[in-house]
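Chain P: place on chain G using the hints.
Given next are the chains, with one letter for each unit.
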Amino acid sequence: MSLQEVGAVTGVGETQYMRGTDRTPLSLQLEASLRAIDDAGLKPTDIDGVIPYGHGAVAEDFVTNFGIADLRFSATTPMGGASAVAAIQCAIAAIGAGICNHVLLSIGRTGYSGGRIGTRVQQMPQFRLIGEFEMPSGAIAPAQLYAVMARRHMELYGTTSRQFAEIAVSTRRHASLNPNATMRNPITIEDHQSSRVISDPLRLLDCSLESDGGAAVVISAADRARDLRHRPITVMGVAEGHPDSPSAITQRPDLTTLGLAKAAPKAFAMAGVTHSDIDVAEVYDCFTYIVLCQLEDLGFCKKGEGGGFVQDGAISLGGKMPVNTHGGLLSQAHMAGMNHIVELTRQLRGEAAAQVPDAEIGLVTGYGDMGDGSIAIMRR
Amino acid sequence: MSDYTKLTPQPTPDTQPYWDGLNAHVLRLQRCADCAKVRHYPRPVCDACFSMRVEWIDASGRGRVHSWTTTHHPFHPGFRPDLPYTLLTVDLEEGVRMNAQLRNLDPADLRVGLPVRVDFEPATEGLTLPVFVPDR
Chain G
1 MSLQEVGAVT
11 GVGETQYMRG
21 TDRTPLSLQL
31 EASLRAIDDA
41 GLKPTDIDGV
51 IPYGHGAVAE
61 DFVTNFGIAD
71 LRFSATTPMG
81 GASAVAAIQC
91 AIAAIGAGIC
101 NHVLLSIGRT
111 GYSGGRIGTR
121 VQQMPQFRLI
131 GEFEMPSGAI
141 APAQLYAVMA
151 RRHMELYGTT
161 SRQFAEIAVS
171 TRRHASLNPN
181 ATMRNPITIE
191 DHQSSRVISD
201 PLRLLDCSLE
211 SDGGAAVVIS
221 AADRARDLRH
231 RPITVMGVAE
241 GHPDSPSAIT
251 QRPDLTTLGL
261 AKAAPKAFAM
271 AGVTHSDIDV
281 AEVYDCFTYI
291 VLCQLEDLGF
301 CKKGEGGGFV
311 QDGAISLGGK
321 MPVNTHGGLL
331 SQAHMAGMNH
341 IVELTRQLRG
351 EAAAQVPDAE
361 IGLVTGYGDM
371 GDGSIAIMRR
Chain P
1001 MSDYTKLTPQ
1011 PTPDTQPYWD
1021 GLNAHVLRLQ
1031 RCADCAKVRH
1041 YPRPVCDACF
1051 SMRVEWIDAS
1061 GRGRVHSWTT
1071 THHPFHPGFR
1081 PDLPYTLLTV
1091 DLEEGVRMNA
1101 QLRNLDPADL
1111 RVGLPVRVDF
1121 EPATEGLTLP
1131 VFVPDR
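As you go down the protein sequences, you meet chains G and P in turn.
When we follow our numbering, the leftmost residue of the first sequence carries the number 1, and every step to the right adds one.
When we follow our numbering, the leftmost residue of the second sequence carries the number 1001, and every step to the right adds one.
In short, the hints are calculated from the structure, not lab data.
Heads up, a few of these hints could be off.
[Said to hold, decoys possible] Okay, the calculated beta carbon distance ranges per label pair:
no., chain 1, residue 1, chain 2, residue 2, range
1, G, 158, P, 1119, 31 to 39 Å
2, P, 1103, G, 75, 41 to 49 Å
3, P, 1037, G, 70, 45 to 53 Å
4, P, 1095, G, 158, 24 to 32 Å
5, G, 75, P, 1047, 22 to 30 Å
6, P, 1072, G, 124, 19 to 27 Å
7, P, 1134, G, 156, 45 to 53 Å
8, P, 1080, G, 114, 18 to 26 Å
9, G, 124, P, 1005, 17 to 25 Å
10, G, 158, P, 1025, 33 to 41 Å
11, G, 158, P, 1038, 54 to 62 Å
12, G, 22, P, 1133, 49 to 57 Å
13, G, 98, P, 1107, 55 to 63 Å
[To be verified] No farther apart than 25 Å at their CA atoms in a straight line, the calculated lysine to any residue pairs in the SDA-like style are these:
no., chain 1, residue 1, chain 2, residue 2
14, G, 262, P, 1034
15, G, 43, G, 19
16, P, 1037, G, 253
[Said to hold, decoys possible] Calculated Cβ distances over 10 Å to all of chain G for the following chain P residues:
no., residue
17, 1006
18, 1021
19, 1037
20, 1082
21, 1085
Only a predicted model underlies this, so the values are computations on that prediction, with no experimental measurement involved.
By construction, the Cβ of each residue, glycine as well, lies at the ideal position given by its N, Cα and C atoms.
Excised from the complex, chain G in its bound form:
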C-alpha cells in the first residue's frame, strides 16, 4: 500500500504566539486543537486519532477534554523537531490501514515562559550518549552541536556567515507581513553580522526563538475530506529519514548530510513531482544553517551549493523558491514545525498572510534530535 493521496490536511489552528504567558502548555495545545477541528468543520468528538507532540498533552487529555467516546488510534513520533511532519506519515499510515478517519496533530508549549528550549536537551533520553561523552566537556546545547556542522560546511564549501544572514533576513521579512509572528521588525545583513556570537559560527540571529503558544493540524482520510469546510490539501508524498549516527553528530560519517537526504527522494517519488513543481517550501529552521543544509538534502541544489542558492532574495516572497513564508521558527514562533504545516496548508488554500501567488504544490520539512528528518509534499 502506498500512502500517496491517502490523506489530506483538512483543518489548521494556532493560538496567538507569545513571548510571555501564564497559561499552561495543555491549555494552549487544546485551544489550538479546537481551532483546527473547527477549521475543518468537524466536532471534537469526530477526532478518532491523536498524535500529540512529545513532552506535552497525552492521548488521555484529548479523551478527557473533548469527550471522545471511541479514540481508535494514538501514537507519538519522538523525533524532536522532525516529529510534526513525521506524524503526518504516521497519521496517514493509520488512516490507510483503516484504523481511523480524522487524526489530530498538536503541540502546546511555554518555551519562553516555562522550561527554556535551549537547555532542555540535557533531560532527553535520546541524548544519553552525548550526555555522557560530550556534555561534561561543555557541549550541551543544540546551537553548539549544530555549529560544528555549520563550521564543517563552511570549511569544505566556502559557505559564509553572510549567506546564513540571507536566511535570517528573508525569514524576518516574511514575519513582518504576518500578524501572528512574534518578531516583526525587519532586519538587515549587517544586523545579523553584528548580533552576538552564540557558538561560532552561529550568531544570535542564526538561532530560532523560544516561544509560548499552540498549533494543531487535522489529517483526514481523503474520501472523508471532500465534504468538509475547506478544499482539502492532499498529501502527495511523505517520508521520514534517520541519519547515520543519529545519537551523536560527532560520529556521523558526513557532518553535512541530514536524515532528510534519505527521506526526500522517497517523498518526491511517492508524490510523482520534481523540484520545479514546488511553488513554496516550509523548511524547519531551528538555525539558519539547518535551512541551508536541508535545501541541499532536498535536492534543490548540490551539496555545498546551498550558500549560493539562498543569496539575493532567492528564498524570499517573489524569489525563485519562497521559503518559510510565515516567518518560521526564526521569527514567527518556535512551535517545533507544527506552524510550518499550518503555513503550507494556508499557502495551498491561498489564504496565507504572505501569499505566494497561485501556489499549487508545496513541501514542508521537519528536522530534529540531532539529524532526524521528515518531509511531506502537498497539493491543493
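Below, chain P alone, put in the same frame as chain G:
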C-alpha cells in the same frame, strides 16, 4: 570537591573502562572482539558484525581536526567561568571521532586536518576529562 558545578558523566558497566582509562591518563576505545572494528562512543553491539564481545584498546591519542566551535553563550552555569571555550571534533587515528575542549592554541589558528593529541585534565574527584592540544 563538592563545588564542582559542571555536568558530570554517569558511567555504566558498558562505559566504565573508558572513564577508568582517562583517570589513568590513557584514552581507551572499544574494539569488537570478533571483527576488530573500533567503535566510539562505547556501546553494547558491533554495528558491523552484531557481536556483543568487546575488548578495550589503548588509543594513540593522536588525530586531526575535523571541525570545531567556540562557545560564547552560557548554556550552563557551570561552564560560565570558562567562556569562551572551543570544542574540537577530532578524527582519531583509530578511525573514530571524539569531542573535547581545545588547549594551548588560538582558535583563529584552527583548520581542518590540523594535527592534535589528547591530554588529560583532572576535573573533580574521580573524573578526568580529555582535552586536545596541538601535536607539534
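Okay, the hints, checked on the actual structure:
1. At roughly 32 Å, the beta-carbon separation of residue 158 of chain G and residue 1119 of chain P lies within the given 31 to 39 Å, and the hint holds.
2. For residue 1103 of chain P and residue 75 of chain G, the Cβ-Cβ distance of about 47 Å falls inside the hinted range of 41 to 49 Å, so the restraint holds.
3. The supplied range of 45 to 53 Å is met by residue 1037 of chain P and residue 70 of chain G, whose beta-carbon atoms lie about 51 Å from each other.
4. Taken as a hint, the range 24 to 32 Å holds for the pair residue 1095 of chain P and residue 158 of chain G, whose Cβ atoms sit roughly 27 Å apart.
5. Roughly 27 Å separates the CB atoms of residue 75 of chain G and residue 1047 of chain P, a value that falls within the hinted 22 to 30 Å.
6. Checked against the hint of 19 to 27 Å, the pair residue 1072 of chain P and residue 124 of chain G passes, with Cβ atoms roughly 24 Å apart.
7. At about 22 Å, the CB distance of residue 1134 of chain P to residue 156 of chain G disagrees with the hint of 45 to 53 Å.
8. The beta-carbon spacing between residue 1080 of chain P and residue 114 of chain G, approximately 22 Å, falls within the hinted interval of 18 to 26 Å.
9. Here the CB-CB span from residue 124 of chain G to residue 1005 of chain P is close to 21 Å, well matched to the stated 17 to 25 Å.
10. Distance hint check for residue 158 of chain G and residue 1025 of chain P: the Cβ-Cβ separation is about 39 Å, which falls inside the suggested range of 33 to 41 Å.
11. Distance hint for residue 158 of chain G and residue 1038 of chain P: a CB-CB separation of about 32 Å, inconsistent with the stated range 54 to 62 Å.
12. Between residue 22 of chain G and residue 1133 of chain P the beta carbon distance is about 50 Å. The supplied range of 49 to 57 Å therefore holds.
13. The supplied range of 55 to 63 Å is met by residue 98 of chain G and residue 1107 of chain P, whose beta-carbon atoms lie about 58 Å from each other.
14. Proposed proximity of residue 262 of chain G and residue 1034 of chain P is contradicted: the alpha carbons are some 31 Å apart, above 25 Å.
15. The suggested pairing of residue 43 of chain G with residue 19 of chain G is violated, with an alpha-carbon distance near 30 Å, which exceeds 25 Å.
16. For a cut-off of 25 Å, the pair hint linking residue 1037 of chain P to residue 253 of chain G stands: about 15 Å separates their Cα positions.
17. Distance to chain G contradicts residue 1006 of chain P as a non-interface residue, since its nearest Cβ pair spans about 7 Å, not more than 10 Å.
18. For residue 1021 of chain P, the shortest C-beta to C-beta distance to chain G comes to about 13 Å, beyond the 10 Å cut-off, and the non-interface label holds.
19. Non-interface call for residue 1037 of chain P relative to chain G: holds, since the shortest CB-CB distance, roughly 13 Å, exceeds 10 Å.
20. Once the 10 Å rule is applied to beta carbons, residue 1082 of chain P is inconsistent with being away from chain G; the minimum gap is 7 Å.
21. Its beta-carbon lying about 6 Å from the closest one in chain G, residue 1085 of chain P breaks the requirement of being farther than 10 Å from that chain.
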